[in-house]
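S.K.: Single-letter residue listing:
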Amino acid sequence: MAETVASRLSATGTANALELRGVSRFFGALAALQDITMTVAPGERRAVLGSNGAGKTTLFNCITGDFPPTAGSIRLFGEDVTEFPPYERIRRGLRRTYQISLLFTGLSVEDNVYLACRGVSRGRFSLLRPRRDDALVTTARDLIEAVHLTPARETLVANLSYGQQRQLEIALALAGAPRFILFDEPAAGLSPTERRELIEILTSLPDHIGYMIIEHDMDVALRVAEKVTMMHNGKIFKEGLPQEIEEDEEVQQLYLGGGHGGH
Amino acid sequence: MAVTDEREAFQSPWWDVSRIPLHLFVVGVVLLIIPLIANDFIVRQIFSYAFILGTIALSLMFLAGYGNMVSLVQMTVAGVAAYMTAIFGTSAIDTISLGWPWWVAVPLAIIVATIFGTLSGALAVRTEGIYTIMITLAIAAAMFYLVRQNYTLFNGFSGLNQVNAPVFWGVNWRDPAPFYYLSLLIAALAYGLVRYVSRAPFGLALQGVRDNARRMAALGFNVTAHRIAAYAFASFIAGTAGVLLVWLNGQVSPGTIAVGPAIDILIIAVVGGISHPIGPFLGAILYVLLRTFALDVLVSLGLSGERFQLLIGLGFLAVVFFSSDGLLGLWSRFRERARRDPVTGERREE
Numbered sequence: 001m002a003e004t005v006a007s008r009l010s011a012t013g014t015a016n017a018l019e020l021r022g023v024s025r026f027f028g029a030l031a032a033l034q035d036i037t038m039t040v041a042p043g044e045r046r047a048v049l050g051s052n053g054a055g056k057t058t059l060f061n062c063i064t065g066d067f068p069p070t071a072g073s074i075r076l077f078g079e080d081v082t083e084f085p086p087y088e089r090i091r092r093g094l095r096r097t098y099q100i101s102l103l104f105t106g107l108s109v110e111d112n113v114y115l116a117c118r119g120v121s122r123g124r125f126s127l128l129r130p131r132r133d134d135a136l137v138t139t140a141r142d143l144i145e146a147v148h149l150t151p152a153r154e155t156l157v158a159n160l161s162y163g164q165q166r167q168l169e170i171a172l173a174l175a176g177a178p179r180f181i182l183f184d185e186p187a188a189g190l191s192p193t194e195r196r197e198l199i200e201i202l203t204s205l206p207d208h209i210g211y212m213i214i215e216h217d218m219d220v221a222l223r224v225a226e227k228v229t230m231m232h233n234g235k236i237f238k239e240g241l242p243q244e245i246e247e248d249e250e251v252q253q254l255y256l257g258g259g260h261g262g263h
Numbered sequence: 001m002a003v004t005d006e007r008e009a010f011q012s013p014w015w016d017v018s019r020i021p022l023h024l025f026v027v028g029v030v031l032l033i034i035p036l037i038a039n040d041f042i043v044r045q046i047f048s049y050a051f052i053l054g055t056i057a058l059s060l061m062f063l064a065g066y067g068n069m070v071s072l073v074q075m076t077v078a079g080v081a082a083y084m085t086a087i088f089g090t091s092a093i094d095t096i097s098l099g100w101p102w103w104v105a106v107p108l109a110i111i112v113a114t115i116f117g118t119l120s121g122a123l124a125v126r127t128e129g130i131y132t133i134m135i136t137l138a139i140a141a142a143m144f145y146l147v148r149q150n151y152t153l154f155n156g157f158s159g160l161n162q163v164n165a166p167v168f169w170g171v172n173w174r175d176p177a178p179f180y181y182l183s184l185l186i187a188a189l190a191y192g193l194v195r196y197v198s199r200a201p202f203g204l205a206l207q208g209v210r211d212n213a214r215r216m217a218a219l220g221f222n223v224t225a226h227r228i229a230a231y232a233f234a235s236f237i238a239g240t241a242g243v244l245l246v247w248l249n250g251q252v253s254p255g256t257i258a259v260g261p262a263i264d265i266l267i268i269a270v271v272g273g274i275s276h277p278i279g280p281f282l283g284a285i286l287y288v289l290l291r292t293f294a295l296d297v298l299v300s301l302g303l304s305g306e307r308f309q310l311l312i313g314l315g316f317l318a319v320v321f322f323s324s325d326g327l328l329g330l331w332s333r334f335r336e337r338a339r340r341d342p343v344t345g346e347r348r349e350e
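Protein chains in written order, with our numbering: chain E, 1 to 263; chain L, 1 to 350.
The shape of chain E in the complex, shown without the other chains (with noise of 0.2 Å):
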């Protein structure tokens, strides 16, 4: 698309964090993806509801741009992004935490959160090793703090317990100056313990940072979010406050599988 960088911007400072419109995928002729068309405005915390096969993780992918969508497209803070690489959308502010941990087991947790941070500043090429008060290497190890990683800085990834790996997946998508998070069903397979520390970092997180999150537990969904869409054969279904939806019949039907959701 031969657009002009002044078209791309919106004039405006107060855009939406994210604008989807007629957002499809296809795969083949499986349409995972089917006209979405959805805002979330700055500093909104949206869940994503659905159950499986609903097309949540392929929306997480369009708009991060693993998978670029058939049609439509993905405005971010104003920008249209619909054309640009993973890394270009990510270098604007966009996280987001993949459902199964997808971490780089070769190395510590430390390099992994200092990839992370090197990530979206200068320098990705450069061949000088960082200096030991390196802004970088002391921002990586506050957000190793922040996640309660400290003593496993120098684990290798492939050593650490699942829960742990959970944990740097939340430090990996905080680090930089994160805008907006897309987090994949952070809570899947936590103990009790570590779903109440997660759902306390992520109440606690900065207000200016929005986010997505796609979690089954609707407990832990409507704890964390404003707003939720349910979503149903690639199709919005949905969309509303957590106290409508959670009362709204036709979601407990579809979603709570009838006879569950009569509390």
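FYI, nobody ran anything at the bench for these hints, they're computed from the structure. Ideal Cβ placement from N, Cα and C applies to all residues, glycine included. Errors might be hidden in some of the hints.
[What the hints assert, rightly or not] Residues of chain E clear of chain L, computed beta-carbon distances all greater than 10 Å:
#1 Ala41
#2 Thr82
#3 Gly189
#4 Glu194
#5 Glu249
[Stated by the list, open to error] Partial list, derived from the structure: chain L residues whose beta carbon lies under 8 Å from chain E:
#6 Tyr196
#7 Val197
#8 Ala200
#9 Phe202
#10 Ala205
#11 Gly208
#12 Arg210
#13 Asp211
#14 Asn212
#15 Arg215
#16 Ala217
#17 Ala218
#18 Gly220
#19 Phe221
#20 Asn222
[What the hints assert, rightly or not] Computed far set for chain E versus chain L, every beta-carbon distance over 10 Å:
#21 Gly22
#22 Ser24
#23 Pro42
#24 Gly43
#25 Arg75
#26 Ser161
#27 Ile170
#28 Ala188
#29 Arg196
#30 Leu205
#31 Asp217
#32 Asp219
#33 Arg223
#34 His232
#35 Lys238
Given chain E, put chain L in place with the hints provided.
M.R.: Structure of chain L alone, referenced to chain E:
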């Protein structure tokens, strides 16, 4: 390991040799006195040759060990540097050689080789695994046929001969001892450079790409650009070694960059071990020793000397059979065993 090496904080002047670990110190001293105790053949054809092959294999180790990119084009990159040294500098074929002084010809040769390697990398990086091997092998084979059939630039089948190391600072660098020190210096510098860069952002990011390319992109890294840059870095090392190679042999011909030698580099790196930069040098020493003495061993056993390739193959097979990480893997297994108590199998306190 941490991003910053805490040991670097050790405050002592750089000339203080007492901070060098003992085993490194011994290896260093032995390497320095070899020209004094060994004959010219050993110095040139064993050690200098092994340093050069080791450096070329090191460039492959950098790509394969840190970047998971098995490139068969490294010998070709070295060969391009060798050809360019002969073409820009002097050789017996004065209709082709431009006769420029070595301090112009050598940097130019390395630059051309680096560009060649970078372009090859740019073709190869969009593929992974076996396809990278196939593409780089195709480039190596194509280059071999090009230099064999082209007479105007590469002098075809016979190649370019009488390419000699220069004389400067009052030293004839062609003599065995000076050439030994030159190749030792280049090998040591290349080794140190690779070790240093492996902990710098560029090297760390390359290891990140190796472990998970998709996640690297999701952290803001341009994975393709990073891989191509790794080829450029490795090609610079291979190219530098290529200049030494043409000086050692005194000539360069299509045989230098045939598919056989290209695969030999892979064998050297794998047999030595690609998990650490020292591996390729161990592999190169073993390779050169086997190549040089396999024939004599067979003859002394009363067997036909023609079977020496078989002995080389068996030697490599034995190493790879017992260790997935080559000689390095054998060594670390041995050390691990020595550390454990022979009765209980528990790790001993040191």
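S.K.: It remains to establish, for every hint, whether it holds in the given structure.
M.R.: Hint check:
no.: 1; hint: Ala41; result: 24 Å, holds
no.: 2; hint: Thr82; result: 16 Å, holds
no.: 3; hint: Gly189; result: 19 Å, holds
no.: 4; hint: Glu194; result: 22 Å, holds
no.: 5; hint: Glu249; result: 38 Å, holds
no.: 6; hint: Tyr196; result: 7 Å, holds
no.: 7; hint: Val197; result: 5 Å, holds
no.: 8; hint: Ala200; result: 5 Å, holds
no.: 9; hint: Phe202; result: 5 Å, holds
no.: 10; hint: Ala205; result: 6 Å, holds
no.: 11; hint: Gly208; result: 5 Å, holds
no.: 12; hint: Arg210; result: 7 Å, holds
no.: 13; hint: Asp211; result: 4 Å, holds
no.: 14; hint: Asn212; result: 5 Å, holds
no.: 15; hint: Arg215; result: 4 Å, holds
no.: 16; hint: Ala217; result: 4 Å, holds
no.: 17; hint: Ala218; result: 6 Å, holds
no.: 18; hint: Gly220; result: 3 Å, holds
no.: 19; hint: Phe221; result: 5 Å, holds
no.: 20; hint: Asn222; result: 5 Å, holds
no.: 21; hint: Gly22; result: 24 Å, holds
no.: 22; hint: Ser24; result: 22 Å, holds
no.: 23; hint: Pro42; result: 20 Å, holds
no.: 24; hint: Gly43; result: 22 Å, holds
no.: 25; hint: Arg75; result: 19 Å, holds
no.: 26; hint: Ser161; result: 18 Å, holds
no.: 27; hint: Ile170; result: 13 Å, holds
no.: 28; hint: Ala188; result: 18 Å, holds
no.: 29; hint: Arg196; result: 27 Å, holds
no.: 30; hint: Leu205; result: 19 Å, holds
no.: 31; hint: Asp217; result: 24 Å, holds
no.: 32; hint: Asp219; result: 28 Å, holds
no.: 33; hint: Arg223; result: 26 Å, holds
no.: 34; hint: His232; result: 27 Å, holds
no.: 35; hint: Lys238; result: 29 Å, holds
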